[in-house]
Structures are given as C-alpha cells and as structure tokens.
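Participant: Sequence:
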Amino acid sequence: MSQSQGHVSPVSGPLAGIRILDLSRFISGPMCGSLLAEMGADVIKVERPGGEDSRHLGPALNGMSLYTMNYNRNKRAVTLNTRSEQGRAVLSRLVAWSDVVIENYRPGTMEQMGLGYPQLDAIKPGIILTSVSGFGQTGPYKDRGLFDFLAQAMSGLMSLNGSEEDPPLLTGVFITDCVAAIYAAFGTAVALFERQRSGKGQVVDVALLDSIFSCMGTAVPAYLMAGLMPERFANRDPWAAPATVFAAKDGASLLVAAGTDPLFVRLSQVLGMPGLPSDPRFNSIESRVANRVELESMVADWVRERDAEAAYETLADAGIPCGIVADVPSAVRNPQLHAREMLVEMQHPIVGRTVQPGVTVKLTRTPGAIRMAPALVGEHNRDVYCGLLGLSEAELVVLQASGAIYRPFGPIDPASPEAPASAGNPRSMPTAAASGRPIARRRRVSGSAIRRFCAKRRPGSGRREPCRPDRVTSTDCTNPTDRFRRRQSRTRRARYPGPRPRRRCSRRSEASRCD
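Numbering (numbering that gives the first Met the number 0), first residue to last: 0 to 514.
Hints are not guaranteed to be accurate.
Unchecked claim - Mimicking EDC-like on lysine to aspartate or glutamate, the simulated pairs with C-alpha atoms at most 20 Å apart in a straight line are:
#1 LYS361 with GLU344
#2 LYS123 with GLU102
#3 LYS141 with ASP204
#4 LYS199 with ASP120
#5 LYS361 with GLU340
#6 LYS141 with ASP209
#7 LYS123 with GLU110
#8 LYS248 with GLU304
#9 LYS123 with GLU193
#10 LYS248 with ASP326
#11 LYS141 with GLU110
#12 LYS248 with GLU312
What the hints contain is simulated information worked out from the structure, not anything from laboratory work.
All chains, please: the whole structure from these sequences, using the hints.
Facilitator: Following this line, the structure appears as structure tokens:
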C-alpha cells in the first residue's frame with residue numbers, strides 16, 4: 000500500500016497550471032474534478048454553507064462521510080452561498096480565475112444564477128463549462144431529474160443483468176455516475192486541448208443516460224440491425240463458451256473464460272481431454288455455444304475436485320484467463336492491486352488514517368498523484384478568499400457575518416497557510432471587528448447530541464413532564480429538544496442583526512417555556 004502526502008500544492012502532472020472550479024455534488028461531477036486533479040489541475044470545490052448534501056450520507060467514520068471523501072480528494076474546499084448577492088459576486092471572481100467550471104445542476108440552473116455559458120465566457124474568455132446532468136442539455140427530458148439507478152433502468156442495462164428467472168437487476172455500484180464522470184473528464188481534457196488551437200472555450204455536455212447507454216455493447220446494434228432480442232445469461236458470456244462461474248471444492252467460485260479456439264485447445268489439455276477440439280459438438284465457437292450446458296458440466300466437474308486457488312494457478316499457468324470471484328476483503332488483498340499502487344494511504348485531520356483507490360491512469364513521464372486528503376467543509380476559505388482572490392481580513396469578516404461564507408468546521412493544522420489565527424482551538428470562532436461578538440459557525444444538530452443533552456438534565460425541573468433518558472427518542476419528549484436547539488441558536492444571533500421574536504417550545508404552558 001503506497002503512502003501519500005498530506006497537503007501539497009499541485010505542482011506536477013500533465014494538467015499542472017489548469018484551474019478548475021468545481022460546483023458539482025454527489026458522484027459524477029466531483030469524480031470528474033477529482034480525476035482532473037489527480038493529473039495536476041488545481042481544483043477548488045465550492046459547497047453551500049454547511050457542506051454539500053452527500054457529506055451527510057453514510058457510511059461515515061468519526062462523523063465524516065466516506066461517500067464524499069472518496070470523490071473529493073486533491074481539492075481545496077470553500078463554502079459559498081451562491082444565492083446571496085455577496086456570494087454571487089465572489090463566485091464571479093472565482094470564475095475569472097478558472098479555466099474550467101464543472102457543474103451537475105439541472106439544465107437551466109446556471110442560467111438562473113446568471114452564470115450561463117455566455118456570461119461565463121464574458122467573465123473569462125475561453126472558459127470551458129463541463130455540465131453533467133441526467134438527460135443532457137437538450138431533448139424532451141432535459142428538465143427532468145435522473146439518478147444512477149434510474150439511468151440503469153432506462154438505458155436497458157437492468158434488463159441484461161441476472162438470469163431469466165430473476166427480475167431486472169441493478170449493478171452493485173453506481174456505475175452510471177462513474178462512467179459519466181470518466182466521459183466528463185475526457186471531454187474536458189479534449190476541450191482544453193482544442194482550446195490551445197483555437198483559443199476558444201465551449202460547453203462539454205455529458206448526460207448520465209447517454210453515458211451508460213454507450214456501454215450496452217453489441218446488444219443495441221444486434222437488435223437494430225439483426226432483430227435479435229437480447230437474453231439474460233446470468234454469469235455467462237452469451238457469445239462464447241465455456242465462459243462462466245464454476246464452484247470449487249472449498250466453496251469459492253472461479254470464473255473461467257476460454258471461449259476462443261486457441262484458449263479451448265489449452266483448456267482441453269488441462270482437463271485431460273485433448274480430443275475435445277476435434278469433437279463436432281465443440282469444434283467451433285458456434286457449436287460450443289449451442290452445446291454449452293454439456294461443455295460447462297465437464298469444466299465444472301474438474302473445478303469441483305480442486306480448491307479455487309489450486310484451480311486458478313493451474314489454469315493461469317496454462318495461459319487460460321480465469322479469476323477467483325473475490326469479495327471486498329479478498330479484493331483489497333490482491334497483490335496485483337498493491338503492486339499497481341491502487342490503494343493509497345493518507346492522513347486526514349478527523350478520520351486519521353484513510354485508504355482510497357489510487358490513480359488509475361499510469362503515465363510514465365508525467366504521472367498523476369494523490370496530493371491532498373479530502374478537505375473539510377470550508378477548510379480552505381482563508382487560503383482561497385484571502386490568498387487567491389486577495390480579500391482583506393475585514394472583507395472576509397463581512398462575508399462571514401452576511402452568511403455568504405462560513406468558517407471551517409473541524410481541526411486544522413495551525414501551521415498550514417489556510418489556518419486562521421485561532422486554529423489551535425477548533426471550536427474557536429472569529430469575532431466581528433465592529434462588535435467584538437463571536438460569529439457562530441453553522442452546526443448540524445444531530446440526534447445523538449440532543450440525547451446527550453437530554454441525558455444530563457435532572458428530572459422534575461419545573462416542566463410539565465420531566466425529560467428522561469429512556470424517552471429522549473419519544474415524540475412526548477419535545478421540550479428538551481426545543482431547549483437544546485434554542486441554546487444552539489443563541490450563538491448564531493450575531494450573524495442576524497436586529498430584533499428576533501422569542502421562540503417557544505412545543506409545549507404552550509408558561510412552565511414549559513424555553514429558558
């Protein structure tokens with residue numbers, strides 16, 4: 000397992016010097032930005048205050064979503080409220096810094112923000128806009144939403160998975176999002192290459208449905224040109240045999256793919272049946288497919304007598320493509336993946352040791368690299384807004400007070416250039432220069448925090464019904480929750496000047512009013 004450094008400025012790679020503004024969320028857009036960042040591009044990830052929605056999706060470790068971390072490494076992270084006037088002004092300055100803008104909103108959202116491609120090109124001539132959406136920027140469905148599993152359904156992919164007895168099946172991973180991200184990164188790189196010739200930018204329009212539909216292989220032309228209706232073959236190759244999964248003696252499964260004539264000759268020798276290639280039932284690809292059940296039975300008998308590892312070594316030594324069907328624990332122990340540095344270890348300020356997939360594309364002269372661990376929400380606000388855009392400390396405080404940006408949440412290395420003066424205390428807050436009052440960070444109130452607060456309260460404290468730890472999840476115990484949220488909101492008032500109405504608990508009696 001290779002080691003990666005913590006936070007290093009992107010100074011190498013084939014895309015070094017390319018500046019990318021990543022406005023996207025979830026998988027397809029962020030993964031596109033991450034792929035480009037691996038190759039040296041300087042990527043700034045812009046999130047709404049509090050972080051993008053995927054930061055709250057599981058699985059999580061120490062409160063950090065592994066979902067988000069997997070697709071946002073090598074990026075600097077800032078928070079920005081693009082719905083506010085001040086936020087849009089800052090966003091325009093970030094656009095002027097960028098060579099590429101990545102977004103995966105629904106079509107028309109960028110125009111509603113006043114940042115359609117004509118406006119972007121006016122701010123930064125020659126800019127490239129990479130737009131990833133469900134159905135693309137054109138067509139009758141362009142305004143509809145689409146997610147990965149819906150694209151699998153609509154593309155026909157689900158109809159090809161499983162056996163005839165099974166219902167249509169989804170894949171086990173978000174394959175559509177990943178394929179769309181790869182197409183988006185490819186399209187962005189092509190547009191950057193073309194810009195070197197013309198000096199002009201353009202829109203890279205990638206649709207999830209288009210992306211996964213392009214992976215349907217021969218099923219589409221076979222139907223359109225030959226009228227062949229695709230069948231579901233479970234784990235079999237529909238056009239070659241033997242090519243399927245076989246059960247080994249130790250209970251593991253082995254996939255053997257020996258469908259071509261030369262491979263079948265080798266397989267017949269391993270099976271101890273050198274005469275099979277001359278048998279009329281098996282002397283061609285077509286005849287082997289027609290008699291696949293009988294042929295697979297022969298291979299199954301041979302594999303069943305051996306452990307999967309022994310069968311694998313024998314077949315691999317004979318030059319026959321095969322592989323043990325691995326679960327995740329087995330896959331991450333694969334020595335080939337370790338030799339190819341496909342597992343990279345790095346340090347994260349909250350999670351600690353993190354392990355992520357390495358750089359897939361290996362370049363011999365200008366290799367990509369994992370330079371930065373996934374950033375915390377707004378971790379690089381100061382670095383970007385003050386160091387990059389040249390905002391003063393006073394301007395930064397004004398933006399914080401207005402709600403256009405938010406301070407980072409979580410520990411930051413005090414020695415890092417983006418660390419504020421109070422970074423030694425992760426819970427410290429900046430103060431407004433005019434009032435000296437703290438400007439509170441926006442925090443997400445979790446159920447566990449409410450339960451901890453409720454558990455500390457003493458029964459019989461004057462409320463109509465005392466809070467008991469065994470009832471903190473009950474709808475009857477609303478008073479402590481309101482009290483907790485009330486206490487949380489007190490520190491936020493500095494951000495919202497002017498009188499505010501007094502909030503009351505859900506219980507209307509005077510005795511149950513929040514303190």
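Participant: Next step is simple, just say for each hint if it's right about the structure.
Facilitator: Here is how each hint holds up against the structure:
Pair hint LYS361 plus GLU344 holds up; C-alpha atoms about 18 Å apart against a cutoff of 20 Å. For the suggested pair LYS123 and GLU102, the alpha carbons sit about 16 Å apart, so the restraint of at most 20 Å is met. Taken as a hint, the LYS141 and ASP204 pair is honoured in the structure, with Cα atoms around 12 Å apart against an allowance of 20 Å. Annotation: proposed proximity of LYS199 to ASP120 holds, straight-line Cα distance about 9 Å (limit 20 Å).
Straight-line distance between C-alpha atoms of LYS361 and GLU340 comes to about 10 Å, which keeps the hinted pair within the 20 Å bound. Distance hint between LYS141 and ASP209 is fulfilled; the C-alpha atoms sit about 12 Å from each other, no more than 20 Å. At most 20 Å may separate the alpha-carbon atoms for a hinted pair to count; LYS123 and GLU110 meet this at roughly 16 Å. As the CA atoms of LYS248 and GLU304 are separated by approximately 6 Å, the hinted pair is consistent with the 20 Å bound.
Taking the CA atoms of LYS123 and GLU193, the gap is about 17 Å. The hint holds against a cut of 20 Å. Annotation: proposed proximity of LYS248 to ASP326 holds, straight-line Cα distance about 18 Å (limit 20 Å). Only pairs whose Cα atoms come within 20 Å are accepted, and LYS141 paired with GLU110 is accepted, the gap being roughly 14 Å. This hinted pair checks out: LYS248 and GLU312 have alpha carbons roughly 14 Å apart, not beyond 20 Å.
Every hint from the earlier list agrees with this structure, and none is contradicted.
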